[in-house]
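Protein chains: 2
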Amino acid sequence: MIQINTGDSRPIYEKVKDSLRQLIISGALGADSKLPSVRELAVSLTINPNTIQRAYRELEQEGYIVSVPGKGSFVSRDRSALEARKVKLTEQLLALAAEFDELGVTREELAAIIKEERDT
Amino acid sequence: MIQINTGDSRPIYEKVKDSLRQLIISGALGADSKLPSVRELAVSLTINPNTIQRAYRELEQEGYIVSVPGKGSFVSRDRSALEARKVKLTEQLLALAAEFDELGVTREELAAIIKEERDT
DNA sequence: TAACTGTATTAATTCGGTTAGTACAGTTAA
DNA sequence: TTAACTGTACTAACCGAATTAATACAGTTA
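These protein sequence lines are chains U and D, in that order.
Residue numbering for the first sequence follows this note's numbering, beginning at 1 and increasing consecutively.
Residue numbering for the second sequence follows this note's numbering, beginning at 1 and increasing consecutively.
Heads up, a few of these hints could be off.
The list cannot tell twin chains apart, which means a pair is met if one copy fits it or any two copies do.
[To be verified] DSSO-like cross-link-like pairs, simulated, lysine-lysine; straight-line CA separation at most 30 Å: (1) Lys-86 x Lys-15; (2) Lys-88 x Lys-115; (3) Lys-17 x Lys-71; (4) Lys-15 x Lys-88; (5) Lys-17 x Lys-88; (6) Lys-71 x Lys-15; (7) Lys-34 x Lys-71; (8) Lys-34 x Lys-88; (9) Lys-115 x Lys-86; (10) Lys-15 x Lys-34; (11) Lys-17 x Lys-86; (12) Lys-17 x Lys-34; (13) Lys-34 x Lys-86.
The set of hints was computed from the structure by calculation and includes no laboratory data.
As the structure is a computational prediction, the values presented were derived from the model and not from experiment.
Using the sequences and the hints, build the whole thing.
Written out as structure tokens, the structure is:
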């Protein structure tokens, strides 16, 4: 369900968050889908349950999932988190664009890159 | 010359690297410009010389600067590092675009954002 | 009742980042 | 030549975040 072996050295709980967020945004995990239990996922990834719990807790704070003691964790029904994600990604995009500016890459060139490299 | 107080919690040496890289790319520090000495910059930023040395060493590995024992560190004359930077930023850009895709933001919309938000 | 959920808490550990101190060799100007 | 700079190297210590480990408790479900 999730792969954590990305070479980067970021914290494990961040990788778990990113993987789950991606699954939710892409629709692979639809609204109300039941996530694996904290202990279950911990075993399958061979990491500590506390680490999974941290990922779940933060994903809940961000609005992607809802956790219910005794029942489990589920993909949130409301999509407000997706809007927040858009805002965040847009900030990153503009920061990137500013860096390209200083490298002498025009906005037109950037736009071209985005439109052309559609199949990656 | 450099500010390190950006709220993020990234390593100090990374912030120093980013600051200097930005100054070099923007042209604020032209080719052959002399950088502050390791000890000098360490004092002015109130951090350990070892931390500065690490930033300088990595900037040299990336091709932005050249360090000469006894003389100092200088902005590199050849611009190959800038091309490498472009490649790296382009990778980041395409990764971002892929995320926008899944959020339902079209490439045309992305291009529009890039062109419109010119003054940020 | 038994087996599952999420949650909370505390302690120990691991590891990268950072500091501290010292040392050495090359450069430069008085 | 000497003094004061440079970059560089090395070791030891420290700090804090990430992670593991071990329990414990309360709600849910079959």
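The hints, checked one at a time:
no., hint, result
1, Lys-86 x Lys-15, "both (19 Å within a copy, 26 Å between copies)"
2, Lys-88 x Lys-115, "both (21 Å within a copy, 18 Å between copies)"
3, Lys-17 x Lys-71, "within (20 Å within a copy, 48 Å between copies)"
4, Lys-15 x Lys-88, "both (17 Å within a copy, 21 Å between copies)"
5, Lys-17 x Lys-88, "both (15 Å within a copy, 24 Å between copies)"
6, Lys-71 x Lys-15, "within (24 Å within a copy, 44 Å between copies)"
7, Lys-34 x Lys-71, "within (9 Å within a copy, 63 Å between copies)"
8, Lys-34 x Lys-88, "within (26 Å within a copy, 37 Å between copies)"
9, Lys-115 x Lys-86, "both (19 Å within a copy, 17 Å between copies)"
10, Lys-15 x Lys-34, "within (19 Å within a copy, 40 Å between copies)"
11, Lys-17 x Lys-86, "both (17 Å within a copy, 29 Å between copies)"
12, Lys-17 x Lys-34, "within (16 Å within a copy, 43 Å between copies)"
13, Lys-34 x Lys-86, "within (24 Å within a copy, 42 Å between copies)"
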